[in-house]
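Enquirer: Read off the chains here:
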Amino acid sequence: MSVPTPKPEPLAPSASAEGAEEPLYVARRQIYPQSVHGTFRRIKWILLAVTLGIYYLLPFVRWDRGPDAPHQAVLIDFPARRFYFFFLEIWPQEFYYVAGLLILAALVLFLMNAVAGRVWCGYLCPQTVWTDLFLAIERLIEGDRRERMKADAGPMTLEKFTHKTLKHSLWLLIAWWTGGAWVLYFADAPTLVVELATLQAPTMAYASIFVLTFTTYVLAGHMREQVCTYMCPWPRIQAALTDEYALNVAYRYDRGEPRGSLKKATALREAGKPAGDCIDCDQCVAVCPTGVDIRKGSQLDCIQCGLCIDACNTVMDKINRPRDLITYESEANFKARSEGKPPVRHIVRPRTVLYLALILLTGGTMLASLALRDTEGLSAIHDRNPLFVRMADGALRNAYTLRIANKQLSERTFLLSVSGVPQATLDIVGAGGATEVTVGPDQTRELRVFLTTRAPLDPGVSLPVTFIIRDKATGAQAKVADHFIGP
Amino acid sequence: MSTAHESHDASVDAKSGKTTTGHEWDGIRELNTPLPRWWLWTFYATIVWALAYWVVYPAWPLISSSTSGVLGWHSRTAVEAQLADLAQLRATSSARLNASSLVEIERSPELLSLARAEGKVAFADNCAPCHGAGGGGAKGYPNLNDDDWLWGGSLAQIQATITHGIRSGDEKGHQGVMTPFAGVLSRAQMSDAADYVRSLAGLVPANDPGAQRGAVVFKANCAVCHGEDGKGKLDLGSKNLTDNIWLYGGDKATIMQTIAQGRGGVMPAWGTRLSPSTIKALTVYVHTLGGGQ
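Here the protein sequences come in this chain order: A and B.
Under my numbering, the first residue of the first sequence is numbered 1, with each subsequent residue one higher.
Under my numbering, the first residue of the second sequence is numbered 1001, with each subsequent residue one higher.
Hint data in this document are derived by calculation from the structure and do not stem from the laboratory.
Among the clues, some could well be false.
Partial pick of chain A residues on the chain B-facing surface, computed with a CB cut under 10 Å [as the list claims (entries may be wrong)]:
no.	residue
1	Arg269
2	Gly272
3	Asn385
4	Pro386
5	Met391
6	Ala392
7	Asp393
8	Arg397
9	Ala399
10	Ala431
11	Gly432
12	Val437
13	Leu447
14	Phe450
Keep in mind it's a predicted model, so treat the numbers as computed, not measured.
Beta carbons: idealized from backbone N, C-alpha and C, even for Gly.
Can you make the complete structure from the sequences, with help from the hints?
Expert: Listed below in structure tokens is the structure:
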């Protein structure tokens, strides 16, 4: 290399023995977000009501599945090992549908990110929604930004004590309700509510509620933006996923700078000199729930909730300047504008098309497999010890444990048959020679089955056999392959 | 770095500013790095815990016993309490098994799966060491999957065998033994008898001269228990010699050994160790292994 390597700078002296170690990250600065009105605030209120409404009330929605299944629309039934979601019923061995759902969720997240940045973070993430709710309560009780800052800086008074007590009580109440709603997804909700109230519910329910009350109270009441900044991996991931065409909440520095007070800007304009629209009122910072200054550009702490847009628009309206000084904008648009080109809106681009195609593929595959899945199943286990039995009359017998699954909500009768072994007789233990098996609604039934043959078999032979069940009424079939092992 | 601690005091290390323990080896001194407080307090707490443990639980060994502790806890009583809890847990299903006959259990899909589930566990705990994990048997221990039974393969007969055992010392247990013929028959006679027994199972042609001589020996000595036709007698537990299932082996040497030394395997009586409902479950399990009659 022709470029001479610069002499490495001496390393900073390591922490001395006296223990003058510096903290590894800055201390937290309490954030007092100010109330704000506008389009995005309204959208956020609506989304908050909708998402929390779904979360708190969904367990009480009923869904008729007949007499043999629970009537709760969404239920994770661990004791019975079933997952119910409206018209769907998932058995444990079909858990891949849940995996598919998670893949789908990730892809939707990617698409949202490619189209309009951190939509999830700003509007839908539970951390954001609950923090928003907790902040609203804080504001309701302790007043807006200024009152809260003043109260926190001042000494403890009776009023302050009352306010704090009331706030934390309300927070705990919501946190408790949040935990309470969670456990309702795992048992019949109305029954469990009564059990919880009369102290008859399982210990696990109370423990879950306690843990979730604690986490909700701590995460939404106290940790707030630190969860997003320090704990959540998504900000890092989305930074890697974004591109110059993705819309992000951005400060139009090309329009806002040079910033200055309204008086100065007016004076400059009257003198015919350029002046920015930003009057440095700091409203965008005051309303920010994570305490960032959006004018410093895109940053990790920014959850892109759009509240600074509302705050800025309110100010712009007041000073009679055009709106959207802070707005959803893409990097490409900034560039196009600076080069004097028309604005670019590339929502349809390879990245978004690919994400959408993957979403449709995953969703379509899942839907198709859900629609076409069998409602009967058969599995077989060959006896391991002994592998075969020689009967007194010289016949050879193998024993199997079969399990028939009936995934329909009505009782069904199946006919069991087998192929692959010459001159074989099939015996089901306890069936008295019959090959008809009745399986209850939404149940499995285990059978012990003997396959006996008098046909002479070569030593060491292993014949492939196929067990078949056929629904007596509909003719639907399920098969399973196994082996018949010889001497 | 501060120089405030730099002194000539031997108990303070000039380089690090830490005190030393005062130990010195060839000019090398040991820095005083005390244990963390939390560690020390945890250590003291464990000592207090241990002292309390001596008082509360059985701790000190004596000559023929041990201190019993004020709680009176004992591992044996703890096990008994757990077993009682288990019995409590199984009370409903045990009651249902007790209330139904063996045939009824086998006919009802629900009771059958209940009995087979309990029987499977009971078999693994009690029977598998001799009869094998799947009841496949071993030399001297019958295979319970086939349909060749020494003492009968019906539900009632299996239940009786499990309850009272074989040569177990139980009065109602099966008693028959294969007597040793070493002093009674000559070696040649035993050889002939073995040939005849093998011819019954088709392992030696019927017109084999040894087998033909052996037929006479058999009639005089063996037919009493094994029957004229060699098919065995259930009430004596004598083996059916005409099939090809051998408990100890069907080769000539093993059969001669059996004739000379006799056989008399023992199966314990389980009636005194297992509850009636468990024995019922075991009976159904063994019966449905494949050989049940």
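Enquirer: Taking the hints in turn, state whether each one holds.
Expert: Okay, the hints, checked on the actual structure:
The beta carbon of A:Arg269 comes no nearer than 59 Å to any beta carbon in chain B, farther than 10 Å, and the hint placing it at the interface is violated. Below 10 Å, beta-carbon pairs count as interface contacts, and A:Gly272 has none with chain B, the closest being about 62 Å; its hint is therefore violated. With its C-beta approaching chain B no nearer than about 3 Å, A:Asn385 sits inside the 10 Å limit, and its interface hint holds. About 3 Å separates the beta-carbon of A:Pro386 from the nearest beta-carbon of chain B, less than 10 Å, and the hint is met.
Taking 10 Å as the C-beta contact cut-off toward chain B, the hint placing A:Met391 at the interface holds, the least distance being around 5 Å. With 10 Å as the threshold, the beta carbon of A:Ala392 comes within range of chain B, its nearest partner Cβ sitting at about 4 Å, so the hint holds. At about 7 Å, the closest approach between the beta carbon of A:Asp393 and any beta carbon in chain B falls short of 10 Å, and the interface hint on this residue holds. Satisfaction of the interface hint for A:Arg397 is found here, the shortest Cβ-Cβ separation to chain B being roughly 6 Å, below the 10 Å cut-off.
Among the interface hints, the one on A:Ala399 holds; its C-beta lies about 6 Å from the nearest C-beta in chain B, closer than the 10 Å criterion. Hint on A:Ala431 holds. Least Cβ distance to chain B is approximately 9 Å, under the 10 Å limit. Hint status for A:Gly432 relative to chain B: holds, with the closest Cβ pair at about 7 Å, below 10 Å. Here the hint on A:Val437 is kept, as its CB sits about 9 Å from the closest CB of chain B, short of 10 Å.
With a cut of 10 Å, the hint placing A:Leu447 at the interface with chain B holds, because the nearest CB-to-CB distance is about 9 Å. Annotation: interface hint on A:Phe450 holds; nearest CB of chain B at approximately 6 Å, less than 10 Å.
The earlier numbered hints that this structure contradicts are 1, 2.
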